[in-house]
Amino acid sequence: MTTLPARAGSSASQRTIFLIALSGILWVAAYKLIQPLANWVSYTALRLPRDSRLGESLAFFLYDVPKILLLLSGMIFVISIIRSFFSPERTRALLGGKREGIGNVLAAMLGIVTPFCSCSAVPLFIGFVEAGIPLGVTFSFLIAAPTINEVAIVMLFGLFGLKVAGLYIFSGLTIAILAGWTMGRLRMEEYVEDFVWKVQRTQNALEEKLTWDDRIRQALTSVREILRKVWLYVVIGIAIGAGIHGYVPEAALVSIMGKQAWWSVPAAVLLGIPLYSNAAGMIPIVSALLEKGASLGTALAFMMSVIGLSLPEAVILRRVLKLPLLITFFSIIALAIMLTGFLFNWIL
Amino acid sequence: MLTIKVLGPGCDNCKKLAYLAERAKTHLGIEATIIKVTDYAEIMTYPLLSTPGLVINEKLVASGRIPSEAEITTFLANALEAA
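Taken in sequence, the protein lines are chains A and B. Residues in the first sequence are numbered consecutively from 2, following the working numbering. Residues in the second sequence are numbered consecutively from 30, following the working numbering.
Bear in mind the hints are in silico, worked out from the structure with no lab data behind them. For each residue, glycine too, the CB sits at the ideal point set by N, CA and C. Careful, some of the hints might be misleading.
[Said to hold, decoys possible] When the alpha-carbon atoms are kept at most 30 Å apart in a straight line, the in silico DSBU-like pairs for lysine-lysine are as follows: (1) Lys260(A) / Lys88(B); (2) Lys199(A) / Lys99(A); (3) Lys44(B) / Lys230(A).
[Said to hold, decoys possible] Simulated DEER-style distance windows between Cβ atoms: (4) Thr175(A) / Ala112(B): 40 to 46 Å; (5) Leu20(A) / Gly58(B): 32 to 38 Å; (6) Arg16(A) / Thr55(B): 28 to 34 Å; (7) Glu191(A) / Glu98(B): 21 to 27 Å; (8) Tyr32(A) / Gly39(B): 34 to 40 Å; (9) Thr55(B) / Leu20(A): 42 to 48 Å; (10) Lys88(B) / Glu226(A): 32 to 38 Å.
[What the hints assert, rightly or not] Covered by chain A, according to a simulated footprint, are these stretches of chain B (three or more residues, beta-carbon under 8 Å): (11) 73-82; (12) 85-95.
Hey, can you work out the whole structure from these sequences and the hints?
Printed below as a string of structure tokens:
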């Protein structure tokens with residue numbers, strides 16, 4: 002292993018600790034203030050009647066937008082700090098030599114905490130294959146990493162609470178384990194592009210030594226990047242959600258998105274495929290739909306499909322997977338999503 | 030004369046790293062060629078599992094993250110000393 006020369010100071014400087022503590026306090030204060038502020042603007046400053054549709058929609062919007070943006074900045078910061086203790090290199094070392102089955106479970110769980118961006122799917126895939134990690138285990142990781150998405154976790158937590166956020170993580174894990182394990186059973190090694198098997202490395206893997214200041218700096222960068230990418234979708238999504246909240250009658254959607262309509266699960270999965278880049282905008286809308294009688298299993302299947310079945314990801318993976326394997330991979334994920342959708346509609 | 034390679038398929042992270050490498054190079058006022066490597070088969074000859082990767086004189090110095098400009102400057106200065 003090549004080790005980088007250690008940079009000065011392995012623990013965070015006092016100034017950094019002070020700034021983090023100060024931002025923490027400001028964060029809590031802001032979080033406590035948004036509900037009264039949203040109500041004050043809607044009902045006192047603008048004098049909208051309390052039970053009016055417009056007033057209700059506006060108060061909902063003014064509360065949810067800052068709440069979600071605050072939650073995103075706080076929680077993404079914490080998640081990024083946790084993730085800085087995991088690296089693809091470490092994950093690969095942990096998965097090496099694990100049997101299928103237990104390997105699939107471990108790979109899916111590591112998929113949540115390992116930092117991953119979809120442009121790294123190819124080097125990661127090749128690196129796993131190179132280390133002799135079974136194809137099915139590698140797929141479990143490649144499904145879990147993008148599907149159990151940190152922005153989605155935070156938004157689900159903010160808009161639905163802990164139970165739904167937990168269910169989302171649980172169903173993501175189930176899908177990743179199930180689909181990866183099935184892929185392993187199919188023995189499709191011959192459909193991996195030939196160059197993958199021929200990769201020859203001349204140097205040893207790089208072991209990065211991070212200081213606390215590095216971790217904090219990286220976490221702040223990812224908060225900034227994520228907020229810059231999603232804020233507009235969050236605002237638009239919540240605006241549409243607020244409209245549905247105020248204007249669509251209760252139970253209007255029971256017949257088409259309720260538990261009784263079995264076909265709503267496959268329909269939700271199909272509908273989710275073209276909406277890949279807008280997970281941040283979809284979740285507030287789904288939240289409003291749930292309130293109007295859509296069932297949770299259908300809603301979860303829809304969100305999983307929006308996030309997990311992404312066309313750009315398929316285009317990237319085409320570089321290492323031949324078409325039959327790529328199609329099988331995405332079909333099995335789609336099937337697994339439908340199964341969990343049916344499961345939740347049935348048990349909840 | 031240093032050879033700096035930025036490894037990555039060309040997503041935002043790789044572009045940002047290439048930009049920072051360019052700035053660090055100008056900042057130090059040294060002569061260096063910056064090459065963007067986008068071909069996966071070539072990227073994978075270096076020991077990285079996630080992009081972007083930064084290679085100076087054929088040695089991988091950072092992978093899976095975007096080092097700060099100051100850090101890249103240090104990498105370059107170290108490589109100059111070693112050369």
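Right, here's what the structure says about each hint:
1. At roughly 57 Å between alpha-carbon atoms, Lys260(A) and Lys88(B) are farther apart than 30 Å, so this suggested pair is violated.
2. Taking the CA atoms of Lys199(A) and Lys99(A), the gap is near 23 Å; set against the 30 Å cutoff, the hint holds.
3. Between Lys44(B) and Lys230(A) the alpha-carbon distance is near 16 Å, which keeps this suggested pair within the 30 Å criterion.
4. Range check, Thr175(A) to Ala112(B): about 53 Å between beta-carbon atoms, so the 40 to 46 Å window is missed.
5. Checked against the given bound of 32 to 38 Å, the beta carbons of Leu20(A) and Gly58(B), roughly 33 Å apart, stay inside it.
6. A beta carbon spacing of about 29 Å between Arg16(A) and Thr55(B) agrees with the range 28 to 34 Å that was offered as a hint.
7. Checking the proposed 21 to 27 Å range against Glu191(A) and Glu98(B) shows it is violated: the Cβ atoms sit about 46 Å from each other.
8. A hinted range of 34 to 40 Å for the beta carbons of Tyr32(A) and Gly39(B) is consistent with their spacing of about 39 Å.
9. The beta-carbon spacing between Thr55(B) and Leu20(A), approximately 30 Å, falls outside the hinted interval of 42 to 48 Å.
10. Range check, Lys88(B) to Glu226(A): Cβ separation about 28 Å, and the 32 to 38 Å hint is violated.
11. Under the rule that three or more residues need a Cβ within less than 8 Å of chain A, the assignment of the segment 73-82 of chain B holds, with 8 such residues.
12. A stretch counts as covered by a chain when three or more of its residues have a beta carbon under 8 Å from one of that chain; for the segment 85-95 of chain B and chain A the count is 8, and the coverage holds.
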